[in-house]
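Peer 1: One letter stands for each residue in the lines below.
Number of protein chains: 2
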Amino acid sequence: MNTSLHNFSAGPGILPQSVIEASAQDLINFSGTGLSVIEVSHRGKAFVAVMEEARARVRQLLQLGDDYEVLFLQGGASLQFCMVPYNLLPEQGMAAYLNTGVWATKAIQDARLLGRVEVVGTSEDRNFCYIPREYAIPSDAAYLHITSNNTIFGTEMHAFPESPVPLVCDMSSDIFSRPVDASRFGLIYAGAQKNMGPAGTTLVVVKRELMGKSGRKLPAMLDYAVHSKGDSMHNTPPVFAVLVCMHTLRWIEEMGGLPAMEQRNRAKAEVLYSEIDRNPLFRGTADRPDRSLMNATFVLVDEQHKLTFDAMLADAGISGLEGHRSVGGYRASMYNALPQSSVQVLVDVMQELERKNG
Amino acid sequence: MNTSLHNFSAGPGILPQSVIEASAQDLINFSGTGLSVIEVSHRGKAFVAVMEEARARVRQLLQLGDDYEVLFLQGGASLQFCMVPYNLLPEQGMAAYLNTGVWATKAIQDARLLGRVEVVGTSEDRNFCYIPREYAIPSDAAYLHITSNNTIFGTEMHAFPESPVPLVCDMSSDIFSRPVDASRFGLIYAGAQKNMGPAGTTLVVVKRELMGKSGRKLPAMLDYAVHSKGDSMHNTPPVFAVLVCMHTLRWIEEMGGLPAMEQRNRAKAEVLYSEIDRNPLFRGTADRPDRSLMNATFVLVDEQHKLTFDAMLADAGISGLEGHRSVGGYRASMYNALPQSSVQVLVDVMQELERKNG
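Note that the protein sequences, when read in sequence, are chains A and B.
1 is the number of the first residue of the first sequence in this note's numbering; add one for each residue after it.
1001 is the number of the first residue of the second sequence in this note's numbering; add one for each residue after it.
Keep in mind the hints are simulated off the structure, nothing from the lab.
As the structure is a computational prediction, the values presented were derived from the model and not from experiment.
Don't take each hint at face value.
[Stated by the list, open to error] Straight-line distance between alpha carbons at most 27 Å, and here's what the computed BS3-like set of lysine-lysine pairs gives: (1) B:1106 to A:213; (2) B:1045 to B:1229; (3) A:217 to B:1106; (4) B:1106 to B:1213; (5) B:1045 to A:306; (6) B:1045 to A:229; (7) A:217 to A:229; (8) B:1217 to A:217; (9) B:1306 to A:106.
[To be verified] Here are the in silico distance ranges between beta carbons for each label pair: (10) B:1217 to A:358: 53 to 59 Å; (11) A:355 to B:1217: 54 to 60 Å; (12) B:1048 to A:179: 35 to 41 Å; (13) A:229 to B:1063: 50 to 56 Å; (14) A:217 to B:1060: 37 to 43 Å; (15) B:1052 to A:139: 49 to 55 Å; (16) A:229 to B:1133: 56 to 62 Å; (17) B:1034 to A:124: 37 to 43 Å; (18) B:1164 to A:52: 46 to 52 Å; (19) A:4 to B:1052: 27 to 33 Å.
Every residue, glycine too, gets a C-beta built ideally from N, C-alpha and C.
Build out the structure end to end from the sequences listed, making use of the hints.
Peer 2: Following this line, the structure appears as structure tokens:
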């Protein structure tokens, strides 16, 4: 990426330039084979090493014990919306869900097809601009499903509930953005295309004791136990997507690991949210305590500035800032790879707009 | 790929060098955006154009009418093993399957979990070395499932059955290798990683009238109708895999389309099978009328030559020739992108082995 470009895309999102370059190199000549990584056997030593390194790095970053399995699957987080209940929810059982946005709603819809669902809390009443806090978790639920970061609405869980039942978390848009105590979760899943790699693979971290326990007879590809038995290669894996994830996970470690990611991300968010709060032309849309470090959503107080502001953003090389249609306005996605300098360029444009309209 | 390397990998398999290079270029700077194709929104104009070109090229190569939908999904052909019955087999219905190998067997296993299955024919009696011919297709079947090419066993259907019920075909390993009358099929699916692109996307061509007809309530990601409604982007698609497919489909057309592919593939197969039949040191494993143009399986008549032959293959820059464990020996995969010259190098090595042991 050209350093005069500032990529705030919500996902697929920005990746480290060194990761893009290493991946392009492997696309031309993989691991000294003279062949492309996408035209060699996934069962060959060279690619098996990639898959194993990617899995091992996840294990290390999340400090997972042997009681957890790590899988790189396909189908996005969306396929997990049904795989979670297929694998964890017995036909006569009940699952608890916290509804914090569009993706949680989709997860609930799929689960309802497969069993009984209890929505323990929802922030739908105010267009999902906050994270519900006061809710009871039924102790007879097979699991509680939460969404740690809500890309569309710009909210993020800064604390996770104490749960008497296994906690299942869709971490698609904030995985590896901060240290997390993974041992509190029964299952974590994440589409790769925000903080981890390209679209086309989904990370699943699952406690071994939860696999194969729903009592359902599952087709092979929908069964975590089958993927586990196949060391995440029951069938041909999405080779290139896993390779890019491996390079990104290496980069995270080189940069100082999850504590360093959190520090970078906090610094970026602090700069942007301060400007949103200070600048009279803008207003944030998410409740302050629940603001996401990954996706900052904000609107122009007066829509008449829109054309001017959009033109200024384009001139500054800023892309991917348009908000989701269900919130409107703007959304600045500040994934791990976004440099602080890009946030500064955005803030400069916001301040210039203010000066022009002072 | 270096021209002194000869990639006979069974899959992921060889792709055209120009496709690899164009894809690497898009990985660095996509469509003039200055960003990588894997870090921009899949809803942006530039990527939507890629998805639409890929779908349109499939439509053109297979001469599909508006009564067919074209989808690029995830999960490999393996996920189709369950998606086909979920979508096409009513809970009280019956599906017919022809068992021609390992993959057909897996498709049957998944279908059996979801409904009644009748296996109308099988070549299991002789380790799948032929395609069954005499079988009856029950007219009350929801569909007949066949596998056009059996990568592991080196067999291929050179004619398709006249079927009174919708024909469903797993074409993973020979799609786009020859002209096919697609109008004879209700559904065609193919993992990309042989003739079409990298692992990570699966082509599904389905007659619209077959979608949403099983009466089952399906999770969104398992429902063809949902993917159709979303123009193959219900959720974030496997962006890079679809991009490489688009480049490969362009290349097929530039090379003269499916008739030219068939001519190339017949010429390569002719040279190799002639040598297998002529050379007293080797023996083909598939019945001659059913030999695959894509995967030629053969063994050494005398295993004592194995170490020598393997060393000679390596010296000649030949890779990916080891046979699948269930057949043993060798398997030469000659997908579209494999040049005739690579086959000649293999034949030269086979002849040299004969001279050494004459």
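Peer 1: For every hint, state whether the structure bears it out.
Peer 2: Hints, one by one, checked against the model:
1. Restraint check for residue 1106 of chain B and residue 213 of chain A: the C-alpha separation of about 22 Å stays at or below 27 Å, so the hint holds.
2. The hinted pair formed by residue 1045 of chain B and residue 1229 of chain B meets the criterion: a straight-line CA distance of about 19 Å does not exceed 27 Å.
3. Of the supplied pair hints, the one linking residue 217 of chain A and residue 1106 of chain B holds, its CA atoms being roughly 15 Å apart against a limit of 27 Å.
4. A hinted pair counts as satisfied when its Cα atoms are at most 27 Å apart, and residue 1106 of chain B with residue 1213 of chain B qualifies at roughly 23 Å.
5. Of the supplied pair hints, the one linking residue 1045 of chain B and residue 306 of chain A holds, its CA atoms being roughly 21 Å apart against a limit of 27 Å.
6. Between residue 1045 of chain B and residue 229 of chain A, the direct Cα distance comes to roughly 41 Å. Violation of the 27 Å bound is thereby established for this hinted pair.
7. Between the alpha carbons of residue 217 of chain A and residue 229 of chain A the distance comes to roughly 16 Å, so the proposed pair stays at or under 27 Å and holds.
8. Proposed proximity of residue 1217 of chain B and residue 217 of chain A is supported: the alpha carbons are some 17 Å apart, at most 27 Å.
9. Annotation: proposed proximity of residue 1306 of chain B to residue 106 of chain A is violated, straight-line Cα distance about 56 Å (limit 27 Å).
10. Look at residue 1217 of chain B against residue 358 of chain A: about 58 Å separates their beta carbons, and that is inside 53 to 59 Å.
11. Against the hinted window of 54 to 60 Å, the Cβ-Cβ separation of residue 355 of chain A and residue 1217 of chain B comes to about 57 Å, which satisfies the hint.
12. For the pair residue 1048 of chain B and residue 179 of chain A, the supplied restraint of 35 to 41 Å holds, since their beta-carbon distance comes to about 37 Å.
13. Distance hint for residue 229 of chain A and residue 1063 of chain B: a CB-CB separation of about 42 Å, inconsistent with the stated range 50 to 56 Å.
14. Restraint check, residue 217 of chain A to residue 1060 of chain B: a C-beta distance of roughly 41 Å satisfies the suggested window 37 to 43 Å.
15. Between residue 1052 of chain B and residue 139 of chain A the beta carbon distance is about 50 Å. The supplied range of 49 to 55 Å therefore holds.
16. Checked against the given bound of 56 to 62 Å, the beta carbons of residue 229 of chain A and residue 1133 of chain B, roughly 36 Å apart, lie outside it.
17. Separated by about 39 Å at the C-beta atoms, residue 1034 of chain B and residue 124 of chain A satisfy the suggested range of 37 to 43 Å.
18. At roughly 49 Å, the beta-carbon separation of residue 1164 of chain B and residue 52 of chain A lies within the given 46 to 52 Å, and the hint holds.
19. Under the hint 27 to 33 Å, the C-beta atoms of residue 4 of chain A and residue 1052 of chain B, about 30 Å apart, fit the expected range.
In summary, the numbered hints that this structure violates are 6, 9, 13 and 16.
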